[in-house]
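Protein chains: 2
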Amino acid sequence: MITDSLTSEIKTPYTLNLSEGDPEEKREEIRRYFHQTYDAYEALFEPMIKKVAYTTRADALRHPLIFYYGHTATFFMNKLVLAKLVDRINPKFESIFAIGVDEMSWDDLNEAHYEWPDPEAVREYRSQVRDCIDNLITELPVNLPISWESPFWPIMMGIEHERIHLETSSVLIRQLPLEQLDSQHPLWQPSSEDTSPVSNSLIEVPAGEVKLGKSREDAYYGWDNEYGSYSKDITHFSASKYLVSNKEFLEFVEDGGYSTQSYWTEEGWNWVSYEKATCPRFWLPQEDGSYKFRTMLDQIDMPWSWPAETNYLEAKAFCNWKAEKTGQPVRLPTEEEWYRLLDYVALPDAPEWEQVPGNLNLEGPASSVPVDTHEFKHGFYDVVGNVWQHTETPIRGYAGFEIHPLYDDFSTPTFDTKHNMIKGGSWISTGNELMRDSRYAFRRHFYQHAGFRYIVSEAPVEIPDDSWETDPEVIPYCEFNYGKEYFGVANYPEKIAQICLDLATKRTRGKALALGCKTGRSAFELAAGYEHVTGIDFTARMIRIGVQMKDKGYTQYVLPEEGEIVSFHQANLQELGLDCVRDNVDFMQGDLSNLKEIYSGYDLILLDTLLERTYSPEKFLKSVHDRLNEKGLLVISSTYDWQTNITEQENWLGGFKVDGENVTTRDAFDRILSANFKQLGNSRDVEYVLRKTARTFDHNVAEVTVWEKK
Amino acid sequence: MITDSLTSEIKTPYTLNLSEGDPEEKREEIRRYFHQTYDAYEALFEPMIKKVAYTTRADALRHPLIFYYGHTATFFMNKLVLAKLVDRINPKFESIFAIGVDEMSWDDLNEAHYEWPDPEAVREYRSQVRDCIDNLITELPVNLPISWESPFWPIMMGIEHERIHLETSSVLIRQLPLEQLDSQHPLWQPSSEDTSPVSNSLIEVPAGEVKLGKSREDAYYGWDNEYGSYSKDITHFSASKYLVSNKEFLEFVEDGGYSTQSYWTEEGWNWVSYEKATCPRFWLPQEDGSYKFRTMLDQIDMPWSWPAETNYLEAKAFCNWKAEKTGQPVRLPTEEEWYRLLDYVALPDAPEWEQVPGNLNLEGPASSVPVDTHEFKHGFYDVVGNVWQHTETPIRGYAGFEIHPLYDDFSTPTFDTKHNMIKGGSWISTGNELMRDSRYAFRRHFYQHAGFRYIVSEAPVEIPDDSWETDPEVIPYCEFNYGKEYFGVANYPEKIAQICLDLATKRTRGKALALGCKTGRSAFELAAGYEHVTGIDFTARMIRIGVQMKDKGYTQYVLPEEGEIVSFHQANLQELGLDCVRDNVDFMQGDLSNLKEIYSGYDLILLDTLLERTYSPEKFLKSVHDRLNEKGLLVISSTYDWQTNITEQENWLGGFKVDGENVTTRDAFDRILSANFKQLGNSRDVEYVLRKTARTFDHNVAEVTVWEKK
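Chains as they are written, first to last, in the UniProt record's numbering: chain P, 1 to 710; chain Z, 1 to 710.
Among the hints, erroneous ones may be present.
In silico DSSO-like pairs for lysine-lysine, Cα to Cα no more than 27 Å straight-line [to be verified]:
hint, chain 1, residue 1, chain 2, residue 2
1, P, Lys657, Z, Lys619
2, P, Lys657, Z, Lys657
3, Z, Lys241, P, Lys622
4, P, Lys92, Z, Lys657
5, Z, Lys241, Z, Lys92
6, Z, Lys619, P, Lys92
These aren't lab readings, by the way, just hints derived from the structure by calculation. Just so you know, these numbers come straight off a predicted model, no measurement behind them.
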């Protein structure tokens, strides 16, 4: 070990209630929680007795542990500087220890780019940071509840962040060469238990509704991805009594699991081929065909009764193999199914635990224990604890998702359908990780102290296509349809739909057609009054958002703020009060200049800022009466700003001179429509605003005319 | 003649007072004025006894007279349809007779494109139009005064329009083959007078101020170009007693005037070469070297005492020749000088004439008369009347120029510095043409019944560069700086300047620098408080507008309305209350990323939405303190919307992540400026709106920060 004094005990209290209590006692509680966390993280590095352990890449695509040693301190500083609560202590350290937590790209692998400081210098830096934060905790006013906006929030953020790295760094240490480590360190001794392997079985979990999402008023610290609301009815399923043990997993290995492509997803097979994997990473194949096992600091005999630790891809392949062998629909649980099981065993949340319910919170050994150690209700074992459990569900935000301004990339880079959630925590999970609401996700090939429980269910897994819309043409229309109002200008699609609905109060309201529906808001709004609404847009990329809203009830998009800085936004139908009309709306791609004849029989056609964006608008206008029912309404909204790159000038409806006199588009409406329509009321102006960046917008004024079929 | 009955008399009352009188009497007055005008125009065509006269091109670049015969009726209809007062009578005629009054391009010359109707059919159409307008005059309510907005205005417009064509068509008839015409028509007989040629001489005109421009409250019909206000001090000059007679012009011809390039402007020499002209157009060179003369309907002996009729180019060449011969600064008068002479002879305006003061209003013969026939005060002849007089001045709008919405291309196409004004009227000038305020202009090579008077003056001719700004990048900034407010957002340059001036009330206010001044408004506004302001912009096309405002006090620009339809706008400093600061402002082109060192010693530097539009902004910011005096102010306004096509990302000041954290441009200000500046007050947001079309706008929110040099 490179430090002089050893930590004698690691204290891991549950994360703090930030709502209740005496403010000054809360201040001391936070101080204790900070120091205990900082101490625990220091203790994790004590077994790294060789300096080279700090600069060895435990994983080829990760920084060496020296980075992580400095990183948790620098994270505190960077967030507190951003919050304007402290000044920098060591700008150089606070740059090199800032980023690179995740897998790096191949470009970053060149060691020459990194001149890591000496661990002693980092230790000294950590000490300065500790003092700085300690002072800050002393000086800052404590106002309960401590909320997102509180200056104590970034302190809690730093603490919980360090608790995450306590676990993830332990996984990296588990990959260091043994000779760099002190396997005898008293604080990090693994279990010596290994029971005779048990036979797994299935236990029924009844159907039930799962309600997820943390309230903004919740008393405990949470990461951005935990907030919001989401509920789902879960059909009954069976789940394995135990986590899959090494012994159970061995059947898959010995049955040629790692060499049979059909068990693997495409991503899984790519991984297995690239890694040339033949068994789980912490299994150590011996020359005689037997296996040893890697704990955090040591190599031990294979503990067959411990849970198998795999990545998602291996767990998934095991399930596919098991399904084939049994003929049953075996798979991993979804996030919701995992919660259904948790609810079923009626486990209270961490702060209410009388004692820790499983192998969790560093209260047991520094390793897994046999899968039949910790029993829960209904005969299940390890519902939480021992190792994390893989799920089928890529992480995404719940309805109402917002990003904390001090940490805008905690979650959003993982909302890419490539990061699956792991649930339940492991022997080294502490703090927020123990909470029911917490949600962590990793790339599917990543290793943590994670295994799995399989389930048997006829319910299909719905994998949401949940990346963030970044198409620069589409995102202004996401905000335009579903986002904030700017300059006091009311939401345009809502307003234009309201104009239509007001006109139609005493009319037949069967089918409506929203042409130029962009990302779909007007179609949903119209469905509040019409039996069925079809939204049509020329651009499939726009329509896709409407389809997402209909199918999933929400959509996610980024908005440019300044330069490359973006903000993240989620819109959902429920919050807009439109969830009830989802079934009455559909979206189609269509071309106004050549619209299929099937689009007819409407009581309303809304032609929304589209005429001036189509290449040949007259044909549609000339025949639109054929698409409308008797007394049907045609509502035209237009800015009349013809553009030659979209509509050749010879196809403009107006905006030119004929025989020396100006002919406006509005004039053309009279010319083309008067035979079959009469105008209702006067034209009116409706403003709309399209956001480009935080400070730049398009602000337009559409003219709306209403025509009734004669 | 092709018509059955001949007109026995042409009545040409003065144009009507539209303000005073009994409404019903006014209705009948207008009706009479309409019929008399219509009659006079019909009478003009009576000498065209051969049908072919209607379809012969009198001028190779003009339509045949059948077009003009139909045109004045169609003009009535098109304006009244536009005003929504009548329905079309003959859509086909109202298309073919609508446009093509002016010289056409070579493309339009193909006769096959035109199938002209029979003159009888046009006569019948004219009769229908007459009835239609007569009915309209009966039906419309008469409210005095009749103003621009009155439904009687387009009727007056049609009448005065026809009076213009009465004259211009007579010039075309003067170019038809004689055999197509009845030279004996009693209404159109020329003068038989030809006095012995008189010797011209110069008479002094004293200096004086000329005030021009018609009031909006004026009682008489006016074309758009007459309104507004303009005044100029005219230095004394001498003017020729007589218009230049044919005899006087002969000296120039015989002295090789048409073959000596040095007398001609470049445009003039091009014309003389192309036309192979050797004398004025209505001089008819005979084989024996003598000349005959063309009147409207006949060929007569050369009337040497009549005014020489030339285009501007010939008149100008004569003056240059005369200047060379006499050694005196001989030239044509400017518009203002012509008015100075008119004021000097104290001629009242047409409606106040007891009798017509010259050869005008068809009250004399259908031709010129000798130049010594009509005497005015101080010994001048033909100050008005006989023939129009060329001037040096291209037509432009006065301050306050606006366009009548029913006739948006009466004047603006001629505001191109290529159309010079003719003044004073000819024997066939009637109606509005007789009024002091009227302003007509033609291309410089065009023929009318026009000659000239020369003057001798030391004053230089200032030819305003007075076209309409149409640069699509510049015009939004003309409106942005000098035009209307949209969405209730206050004029931005005025507001940003006011912020600066408010800050500086108790400070030294010597030199100020407005960087990114666009079209200049902020520089003028700052000059209200600073001794001198330099406005700098990267774009010379922007600066040009500021320079125009400084030099001339006004600028003119078109704005896109819808498609190709534009509106015309004039901005002037006087109306903005900024005329007094013109001398305290100058404009320079400059590049913020590489700004010359001479720009220093300022008490204020305004950096106006420019940082984010320059390619390398940091250098300037780092050294801007060197350009400021002690306690000098730096005011930065920015939308922070960096664009890679302008500023490479490595040169952005903010809008990116450093060590994983967002760095804003505002952060960069602190970093770069804090050593030499302290921030005054808080940042504030200032909105601005850039008009794109009538219904589309950019609406941005700049952040303004103020920095005081330490």
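Hint-by-hint comparison with the structure:
For the hint linking lysine 657(P) to lysine 619(Z), the alpha-carbon distance of about 50 Å lies beyond 27 Å, and the restraint is violated. Of the pairs offered as hints, the one joining lysine 657(P) and lysine 657(Z) is violated, with about 52 Å between alpha carbons and a cut-off of 27 Å exceeded. Our distance criterion of 27 Å between C-alpha atoms is broken by lysine 241(Z) and lysine 622(P), whose separation comes to about 68 Å. This hinted pair checks out: lysine 92(P) and lysine 657(Z) have alpha carbons roughly 16 Å apart, not beyond 27 Å.
For the hint pairing lysine 241(Z) with lysine 92(Z), the CA-to-CA distance comes to about 51 Å; that exceeds 27 Å, so the pair is violated. With a C-alpha separation of about 24 Å, the suggested pairing of lysine 619(Z) with lysine 92(P) holds against the 27 Å cut-off.
Of the numbered hints given earlier, the model fails hints 1, 2, 3 and 5; all others are met.
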